[in-house]
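Sequences and hints are given; from them, build the entire structure.
So you can see what is in the structure, the chains are spelled out below.
Protein chains: 2
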Amino acid sequence: MTSLTEREIICILTKQFARQLRPLLGFNDDVSAIPLSSKTWIIVKTDMLVGSTDIPPGMTIQEAGRKAVVAAVSDFAAKGVQPTALMVSLGLPGPVARKTVQNIAFGLSQAAREYHCKIIGGDTNQADDLVIDVAGVGVANPKKLVRRDGARVGDVVAVTGPFGNPAAGLRILMSREKKKLANHTSLVNAVLRPKARLTEGIILAKSGGVTSSIDSSDGLAWSLHQIARASLVGINLHTIPVAPAAQSFAKERRISAIELALYGGEEYELLVTVAPNRFSSLKKRVPSLKRIGIVEKGSEVVAHLDGRRIQVEERGWEHFR
Amino acid sequence: MTSLTEREIICILTKQFARQLRPLLGFNDDVSAIPLSSKTWIIVKTDMLVGSTDIPPGMTIQEAGRKAVVAAVSDFAAKGVQPTALMVSLGLPGPVARKTVQNIAFGLSQAAREYHCKIIGGDTNQADDLVIDVAGVGVANPKKLVRRDGARVGDVVAVTGPFGNPAAGLRILMSREKKKLANHTSLVNAVLRPKARLTEGIILAKSGGVTSSIDSSDGLAWSLHQIARASLVGINLHTIPVAPAAQSFAKERRISAIELALYGGEEYELLVTVAPNRFSSLKKRVPSLKRIGIVEKGSEVVAHLDGRRIQVEERGWEHFR
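Protein sequence lines, in the order shown, are assigned to chains A and B. Numbering-wise (this note's numbering), the first sequence opens with residue 1091 and increments by one. Numbering-wise (this note's numbering), the second sequence opens with residue 1091 and increments by one.
Rather than coming from a laboratory, the hints here were simulated on the basis of the structure. Keep in mind that a hint or two might mislead.
[Said to hold, decoys possible] Computed footprint of chain A on chain B; a stretch qualifies when at least three of its residues, placed anywhere within it, have a C-beta under 8 angstroms from a C-beta of chain A:
no. : stretch
1   : 1096-1106
2   : 1190-1199
3   : 1212-1224
4   : 1293-1304
5   : 1316-1324
Each residue gets a CB set at the ideal place from its N, CA and C atoms; glycine is no exception.
If you want it as structure tokens, here you go:
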């Protein structure tokens, strides 16, 4: 039997559920929306963390709890929406120890405090695998919501920070070499203690200068393609924003730094497109904002690096592989 | 290591999260609430179905998808709130077949149609166990919301239908005896095709005559105790509402029908308390409504059956056992 990829599964689900409605954002954006009025939409996002696939070696259960919240918050960040409340569903392998539950709860609360949202309820269940499913809920003015489909030809393509650290950190954790862990704390921490760019996302959305936005949890390349596809545009990069630590790690391991930055996944930076006359003022308010390319006509995502033309492939972090 | 029970887990979580806030309903009621204004609360409920514990033998994956939605909707029914949107997070054991995803999606959509809500997004993940986590979202006027803590001394205790069929059906399914399956379709269907009492719950809440309400997914006895505890009252039953089919099954098997009806779990009837002068008019609008007892002073839940006094124990369907 051929196993479906995550994209194929989402495609089947979307087809089935789209019969019922044309989703406002939903399956084609970072979050889903329920309109209350012309000025108020309820914004919802669920993100499921599973022990066997999402918790790398070396990550504590408390860090896993925290990460589950960060992943849901990151999608709100991309839309510029403050999540106000979180619901948490837990699947716990038995026998369940008190310490395990306390540590998960502590990690969840820690992240909720960091992002100023409240955990207001949830569900618990016995399961063969650890499952932490976080549903975030917030409220937004639909006119202020930054979608994936608003990029226009001529817009600046920018990111809120560099890429590649989580991919490098994940390799170090998977190798289980204790010495390397100590030498590469910034890489390892990028995996164990990710940060959602919520403050930046809210500032960017409020500015009105951002035309489209997406988070990068499936990797930079994948996110670039989603913006291009949703907005019916092409993207031309003049640089790949590789993090310095990832760059030296790649050199040391003799692997491609660009590969790490483009296709790594588990990233939490935001990818945005910005009206060209607004970039400088936005850069003042979000200093980490980095210009990496331009929106063009067409549908391709390419990079021009030192005179070389590189095709950015539509692949990235994907479950079910 | 002693394994925690589900109640103990919820207790640890509640303690941790309650530091952040006094939840409006949340951990002590069927649903959680996010206040938008004095007249509008967002209502949220998540319900996680796990393959290894929640899918009995004989239940198809399509029925499991449908059941996951019914379980979430049932909590909305108890509060008299229409869920308008559903988010679905799936954990799927690999390799994932197309037919599996299609069948789950079909079951989910089927239930969404039955209860007039829309599936607007979700998440998918690889997992060792099948997990279907449904988050329902709706909107309610807090003044119309029927809580668990409003029962008053003298109120009528009533249920929207009889109990025991799912407990009996579950035993038949667990026995895997094909002949029995054919002879007891109503019992088996109570498990495979449960129905949430959404229409009834909305009518009851709108009437203004219902003082407290809870669904019975953890069993009738458990629900009676939750109402008594939240409302600081005692409950005295004059009858146990055993379903006729469960009654004959119990007789045939020489087991206690009362045990099936009180402690079975997987039930979806609503348990409500009603102002005494409102019961008759409510009964006209919800004909299945059945009077089973009265709210009294104290904190005990007892039944008086044929002159015998029976203590109703605070136990029921519980995971992690």
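To see whether the hints hold, each was checked on the structure:
Counting residues of the stretch 1096-1106 of chain B whose CB lies closer than 8 angstroms to any CB of chain A gives 7, which reaches the minimum of 3, so the coverage claim holds. Coverage of the stretch 1190-1199 of chain B by chain A holds in this model, with 6 residues showing a Cβ closer than 8 angstroms to a Cβ of that chain against a need of three. By the rule of at least three residues with a Cβ nearer than 8 angstroms to a Cβ of chain A, the coverage given for the stretch 1212-1224 of chain B holds, with 10 such residues. For the stretch 1293-1304 of chain B, the assignment as covered by chain A is violated, since 0 residues bring a beta-carbon within under 8 angstroms of that chain's beta-carbons and 3 are needed.
Here the stretch 1316-1324 of chain B counts 0 residues with a CB under 8 angstroms from a CB of chain A, which misses the bar of 3, and the coverage is violated.
Hints 4 and 5 from the earlier list are contradicted by this structure; the remaining hints agree with it.
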